Amino acid sequence: MMMGVKRGGKSRRNGACRAAALALAALMCLSLLPLAGCGGGEAAPDGESVEGQAEEEQQILPEYTNYWSHTELPQMTNQERRDLAADNAARGEEFVEGVNAAAWELSDALEDYIRRWLDGEVPAQLPAGLLPEYIDTEKTKDWTLVRPDEVTPEEQWYVIPSHPIDPDFEACYMLGSDAHVTYGKLVFVAPIGCELLVEGDYPHCRYFSYEILPPLDPEHPASGCMGETPEVPIVDVDIAPDPGSTNPFLVGADRNAAERHYHLRFGLELGNAVDLNPQAMQSPEYRAPGNSRTGGPFGFAGAWGDNVFTPSVLWMRIYAPNKESGVLGGVSLPRATLRLDTGEEFWLRCDFSLAEERQTTQVSAGSDLPKEPFAAIGPQLGWFKIFGLAQNRAESAGYFYSQPYGDIPPKAANAQIRRDFLLLFGRGEDADPPGNFEGSSTTCKNNHYLNRMFQLGPGKVYVITGRMPTFPATRDGEATMSGGEVRYWSINQYGRGEDDQYETAVNYNSLMDDEVVLNENREYVIVYSTAENRPANATPENGVTWVDWGPRARQTLTIRWMSVMPEWYLPGCTPDEYSLPWAEAARSGTRYDETLVGLNQPGAMGPYHPVIHYMTVEEFEAMGDGGLSPGDIPAWERDT
6 MMMGVKRGGK SRRNGACRAA ALALAALMCL SLLPLAGCGG GEAAPDGESV
56 EGQAEEEQQI LPEYTNYWSH TELPQMTNQE RRDLAADNAA RGEEFVEGVN
106 AAAWELSDAL EDYIRRWLDG EVPAQLPAGL LPEYIDTEKT KDWTLVRPDE
156 VTPEEQWYVI PSHPIDPDFE ACYMLGSDAH VTYGKLVFVA PIGCELLVEG
206 DYPHCRYFSY EILPPLDPEH PASGCMGETP EVPIVDVDIA PDPGSTNPFL
256 VGADRNAAER HYHLRFGLEL GNAVDLNPQA MQSPEYRAPG NSRTGGPFGF
306 AGAWGDNVFT PSVLWMRIYA PNKESGVLGG VSLPRATLRL DTGEEFWLRC
356 DFSLAEERQT TQVSAGSDLP KEPFAAIGPQ LGWFKIFGLA QNRAESAGYF
406 YSQPYGDIPP KAANAQIRRD FLLLFGRGED ADPPGNFEGS STTCKNNHYL
456 NRMFQLGPGK VYVITGRMPT FPATRDGEAT MSGGEVRYWS INQYGRGEDD
506 QYETAVNYNS LMDDEVVLNE NREYVIVYST AENRPANATP ENGVTWVDWG
556 PRARQTLTIR WMSVMPEWYL PGCTPDEYSL PWAEAARSGT RYDETLVGLN
606 QPGAMGPYHP VIHYMTVEEF EAMGDGGLSP GDIPAWERDT
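Numbering (our numbering), first residue to last: 6 to 645.
Since the hints were derived computationally from the structure, they do not count as laboratory data.
Quick caveat, the model's predicted, so the values are computed rather than measured.
Take the hints with a grain of salt, since some may be wrong.
[What the hints assert, rightly or not] Pairs of lysine to any residue residues, derived as SDA-like cross-links and limited to a Cα-Cα distance of at most 20 Å, are as follows:
#1 K190 / G331
#2 K146 / E362
#3 K146 / W162
#4 K376 / T535
#5 K146 / L111
#6 K328 / V522
#7 K328 / I165
#8 K328 / A478
#9 K328 / A263
#10 K190 / Y267
#11 K190 / L338
#12 K190 / R340
#13 K328 / L338
#14 K416 / A588
#15 K376 / R559
#16 K416 / E589
#17 K190 / H268
#18 K190 / E362
#19 K376 / F459
#20 K146 / T157
#21 K190 / W162
#22 K416 / G603
#23 K190 / Y163
#24 K190 / G334
#25 K190 / G335
#26 K416 / Y597
#27 K190 / W320
[Said to hold, decoys possible] Cβ pair distances, simulated, as ranges:
#28 A95 / P137: 21 to 27 Å
#29 A478 / D412: 47 to 53 Å
#30 D481 / S250: 19 to 25 Å
#31 A95 / H268: 44 to 50 Å
#32 Q84 / P576: 43 to 49 Å
C-beta atoms are modelled at their ideal positions from N, C-alpha and C, and glycine is treated no differently.
Kindly generate the complete structure, drawing on both the sequences and the hints.
Written out as structure tokens, the structure reads:
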């Protein structure tokens with residue numbers, strides 16, 4: 006009963022099972038602290054250099070608790086995870102077959118109970134022990150069967166809303182979210198072979214998509230949080246409307262059409278996500294006709310989560326809702342139904358109130374004193390290209406703690422990162438698909454992400470300059486959808502909240518494409534400073550977009566560049582895996598080339614590369630009020 010689970014890659018994985026050197030183990034204990042969402046990490050030293058730090062000091066960081074996720078996982082040390090991953094790999098086919106057999110055992114028991122409930126033989130609430138303990142948790146509990154007409158969409162979904170930024174930085178959302186985006190999450194579990202049916206109305210917004218946890222595959226674990234295997238997406242333009250309805254996302258379509266209904270079907274299976282979605286799971290396009298995709302009936306956490314099963318999840322993303330349409334883009338939440346392979350329909354409702362409470366928690370950014378950037382994040386550093394959120398954090402740690410800023414040889418650190426991520430998650434430049442895809446779990450598959458750490462000193466400003474790709478105008482209720490070079494573009498600011506206490510990225514501020522002042526060449530000058538240090542000439546009239554840095558000196562900025570190919574795409578300059586392949590653009594890649602995006606100067610992105618400048622308030626004000634362009638902004642010199 007193997008249901009198409011993909012074989013292969015064993016020799017690479019077995020080769021990755023050797024113990025790490027002690028110093029590199031310390032590095033990875035530091036770096037394998039994951040983030041939900043897309044905020045990026047802040048694994049960085051507190052001084053100019055980490056040379057001379059005791060190895061023990063590099064290890065004094067908390068293990069990841071999964072507290073803020075919708076899933077619950079067993080608590081393990083990173084070394085325990087490595088040891089289990091090595092054992093999984095050493096068992097090879099026996100391991101794969103064992104996981105699949107356990108999945109079928111769970112599925113058969115669940116399906117049998119559902120059918121008995123449909124026949125009136127058993128109560129609606131599932132008995133204790135029917136679902137595994139990491140599906141039936143305090144975050145997702147009291148699983149109860151209901152008829153489709155007995156449940157509302159509001160009881161099926163919870164929502165992390167798009168929102169204005171709190172000017173006092175006291176109510177900040179976490180999870181690496183973008184403030185211009187509404188995230189809906191549908192947590193569910195079902196027997197293998199069931200279908201998840203979704204129907205709703207297209208929202209009034211810039212972009213809309215669904216992404217479902219991938220089919221259960223022991224070689225590519227995914228738990229809906231840390232598991233790095235990418236979800237299976239379906240993007241708005243590929244969702245065919247019902248007869249008589251309009252898809253408002255097609256180029257030239259009526260964005261304000263009254264009839265805008267759709268139906269979707271997600272098969273729930275075991276197997277490799279690419280094998281089961283041969284056209285839709287091709288990165289970076291992720292395009293396929295038809296309103297059907299195949300995902301997972303429940304998740305498998307792999308060695309990161311002690312090989313436990315977790316609930317499945319369907320993400321819904323609504324980017325940049327129209328200004329007057331509310332967080333859901335002027336439509337109701339979609340309705341979801343589960344259907345057995347013999348046609349009977351039902352829903353399996355759970356109490357997800359604790360998961361919802363934690364995932365929608367707002368926290369304070371806190372405050373600290375201004376601090377000059379340390380050497381590693383000085384004028385030479387460009388951007389990190391993200392090939393997975395956990396890997397991004399690991400590569401950041403590897404950069405900071407490797408020579409010349411630390412003691413670890415860079416080649417050794419990068420080799421260890423490659424080994425660990427192939428071993429733990431089946432991810433890497435040479436991994437089997439989808440483990441070698443640019444997109445990872447919890448990220449939007451149409452986005453290409455860049456990030457970098459910043460640290461703002463007293464009386465200073467950061468300035469970012471570049472060229473903005475064309476994008477469709479939508480938020481004022483424009484009547485017709487247009488094409489462009491991107492569908493969406495934004496820069497978000499992240500940190501770890503008050504006293505750096507949160508293990509997930511806290512969103513401090515957000516700037517999207519239509520909020521940026523552009524000149525006649527679509528060039529921008531974005532100034533970041535605290536409110537008290539805003540330069541007098543940092544005004545729209547002077548060609549400048551000013552953004553409040555807020556009360557935290559150290560932050561990570563993340564750029565989202567969204568492509569929906571081919572209608573919204575810029576060939577040759579888009580920071581996707583065509584222009585920035587994993588081996589050359591990932592800092593741990595075997596052929597890493599820092600000239601692509603890793604230096605603070607135009608590279609593979611040409612004039613669209615965001616260049617970073619740093620100066621005093623007085624130096625910026627001295628440039629006057631004549632209308633500033635990128636060419637007017639001096640380069641960041643090392644002694645500033």
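To see whether the hints hold, each was checked on the structure:
| no. | hint | in the structure |
| --- | --- | --- |
| 1 | K190 / G331 | holds, 18 Å |
| 2 | K146 / E362 | holds, 14 Å |
| 3 | K146 / W162 | holds, 15 Å |
| 4 | K376 / T535 | holds, 13 Å |
| 5 | K146 / L111 | holds, 17 Å |
| 6 | K328 / V522 | holds, 19 Å |
| 7 | K328 / I165 | holds, 17 Å |
| 8 | K328 / A478 | holds, 12 Å |
| 9 | K328 / A263 | holds, 18 Å |
| 10 | K190 / Y267 | holds, 18 Å |
| 11 | K190 / L338 | holds, 11 Å |
| 12 | K190 / R340 | holds, 12 Å |
| 13 | K328 / L338 | holds, 18 Å |
| 14 | K416 / A588 | holds, 13 Å |
| 15 | K376 / R559 | holds, 8 Å |
| 16 | K416 / E589 | holds, 14 Å |
| 17 | K190 / H268 | holds, 18 Å |
| 18 | K190 / E362 | holds, 13 Å |
| 19 | K376 / F459 | holds, 10 Å |
| 20 | K146 / T157 | holds, 18 Å |
| 21 | K190 / W162 | holds, 6 Å |
| 22 | K416 / G603 | holds, 16 Å |
| 23 | K190 / Y163 | holds, 6 Å |
| 24 | K190 / G334 | holds, 16 Å |
| 25 | K190 / G335 | holds, 18 Å |
| 26 | K416 / Y597 | holds, 10 Å |
| 27 | K190 / W320 | holds, 5 Å |
| 28 | A95 / P137: 21 to 27 Å | holds, 24 Å |
| 29 | A478 / D412: 47 to 53 Å | holds, 51 Å |
| 30 | D481 / S250: 19 to 25 Å | holds, 23 Å |
| 31 | A95 / H268: 44 to 50 Å | holds, 45 Å |
| 32 | Q84 / P576: 43 to 49 Å | holds, 44 Å |
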